[in-house]
Amino acid sequence: MTVSYTDMIAAFNIGSAHPGGLAVTKEMFQQVEKHPHQSILDVGCGTGRTVQYISEQTTGKIIGIDYDPKMITKAKQKLANTTNVELKTGNVEALPIDEETIDCIISESVTSFAHIPVALKEYARVLRENGILCLLEMTATMPLSPEAKQELTSFYGLSSIYTEPEWREAIERAGFTLLDSLSFAPETEGVLDSDIHQTIDPVYFDIMARHYQLTEKYRDVLGSRIYYCQKTPKRIRQHVGN
Amino acid sequence: MSRYYKVCCENIGRPVCVRTVDGKEYRGFIRRVTQTHVYLEPIGGHAGYGYGFWGLGFGLGIALGAIGTLAFLPWFFI
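Heads up: the protein sequence lines correspond to chains Y and Z, in order. The C-terminal residue of the first sequence carries number 242 in the working numbering, and the numbering is unbroken. The C-terminal residue of the second sequence carries number 1078 in the working numbering, and the numbering is unbroken.
One should not assume that every hint holds.
Computed list of lysine to any residue pairs in SDA-like fashion (alpha-carbon distance at most 25 Å, straight line) [what the hints assert, rightly or not]:
# : chain 1 : residue 1 : chain 2 : residue 2
1 : Y       : 217       : Z       : 1072
2 : Y       : 121       : Y       : 158
3 : Y       : 74        : Y       : 216
4 : Y       : 26        : Z       : 1073
5 : Y       : 217       : Z       : 1074
6 : Y       : 217       : Z       : 1006
7 : Z       : 1024      : Y       : 158
8 : Z       : 1006      : Y       : 200
For each label pair, taking beta carbons as the anchor points, the in silico distance ranges come out as [to be verified]:
#  : chain 1 : residue 1 : chain 2 : residue 2 : range
9  : Y       : 183       : Z       : 1002      : 36 to 46 Å
10 : Z       : 1024      : Y       : 147       : 51 to 61 Å
11 : Y       : 94        : Z       : 1003      : 49 to 59 Å
12 : Z       : 1006      : Y       : 183       : 48 to 58 Å
13 : Z       : 1023      : Y       : 35        : 50 to 60 Å
14 : Y       : 141       : Z       : 1071      : 19 to 29 Å
15 : Y       : 128       : Z       : 1068      : 23 to 33 Å
16 : Z       : 1069      : Y       : 70        : 32 to 42 Å
Because the hints were derived from the structure by calculation, they are not lab data. A virtual CB, placed ideally from N, CA and C, is assigned to each residue, including glycine.
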């Protein structure tokens, strides 16, 4: 049986499977609230923990998208009694969303798993002018050696691991203005349901242990950052020849 | 019954550092708990002597009565 890091996350039913956990989601949403947020899109919503939190904070419409139908099924169960939420399967590189219909996109450790420039362009397509994009992404604190990059991308199934300047460049190239970039401690608490009674296949524990070893090994070069981005208005984009 | 029984049961899947009363240290994820033992999926190699033993395919077994301290390790997801 070949199982991936993301399969392990699903097996343990880990709710906020991104650096910083739900605490960082809460911090990020405080920034979102300063901007129009009548329609919010959570790309790579997983089992819907972030969507659930946001639905408790706002009356706006929230759309959650994940490529894995099993995750969407779990999210639908979790959010069965919530009216302002829509959940569907989809790919972040080709979102099932109309152009310029979204005020705010939240992407929690999702974009690095996709082809980054394609995903960023796609976010720009569905956002309204001046719309906000919050990216929470693993960021290398210094350029990684080819061996380190290879070990990390193959274990996690990442397309790449960018440094902060690389993120900045990709974000601007996709038609965004980078408003702010903040680093934060990735550690998290309380992400496991405390009632894991069912037997979890040993293969998932093995992946969990390897995940832990890798994060320890690369502790000094793996950081986490939030990038607050705003879709640049069309007239300015045309002006700079974009 | 050991006071560690309940805390181990409630934290299956989490990474811990266990120090036994004779000073040995074990780091791993809690995989299984019985009335007498906790079984860890070790982090960083399969070393370990003293009270630890390899139990029936459930990882590294440590007698609950031999636990001196148990600390949760910080962790995060990508």
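Quick one: are residue 128 (chain Y) and residue 1068 (chain Z) within 23 to 33 Å, going by C-beta? With a Cβ separation near 59 Å, residue 128 (chain Y) and residue 1068 (chain Z) fall outside 23 to 33 Å, so the hint is violated.
So does residue 1024 (chain Z) sit 51 to 61 Å from residue 147 (chain Y), Cβ to Cβ? Violated: the Cβ-Cβ distance is about 33 Å, outside 51 to 61 Å.
Cβ separation of residue 183 (chain Y) and residue 1002 (chain Z), checked against the hinted range 36 to 46 Å: Holds - the Cβ-Cβ distance for residue 183 (chain Y) and residue 1002 (chain Z), about 41 Å, lies within 36 to 46 Å.
Pairwise beta carbon distance, residue 1006 (chain Z) to residue 183 (chain Y), judged against the given window 48 to 58 Å: 37 Å Cβ-Cβ, so the 48 to 58 Å window is violated.
When you check the alpha-carbon spacing of residue 26 (chain Y) and residue 1073 (chain Z), does it fall within 25 Å? holds (23 Å)
25 Å limit on alpha-carbon distance, applied to hinted pair residue 217 (chain Y) and residue 1074 (chain Z): holds (14 Å)
Satisfaction of hint between residue 1006 (chain Z) and residue 217 (chain Y), Cα-Cα up to 25 Å: It is violated: about 32 Å lies between the C-alpha atoms, which goes past 25 Å.
Does residue 1006 (chain Z) pair with residue 200 (chain Y) here, judged by a C-alpha cut-off of 25 Å? holds (19 Å)
Against the 25 Å threshold, does the CA-CA distance of residue 217 (chain Y) and residue 1072 (chain Z) hold or violate the hint? holds (19 Å)
Mind checking the alpha carbons of residue 74 (chain Y) and residue 216 (chain Y) for me, to see if they're no more than 25 Å apart? Answer violated: residue 74 (chain Y) to residue 216 (chain Y) is near 31 Å, above 25 Å.
Are the Cα positions of residue 121 (chain Y) and residue 158 (chain Y) separated by 25 Å at most? holds (18 Å)
Agreement of residue 1024 (chain Z) and residue 158 (chain Y) with the hint, judged by alpha carbon distance not exceeding 25 Å: At roughly 37 Å apart (the allowed maximum being 25 Å), residue 158 (chain Y) and residue 1024 (chain Z) break the hint.
The structure fails to meet hints 3, 6, 7, 10, 12 and 15 from the earlier list, while all remaining hints are met.
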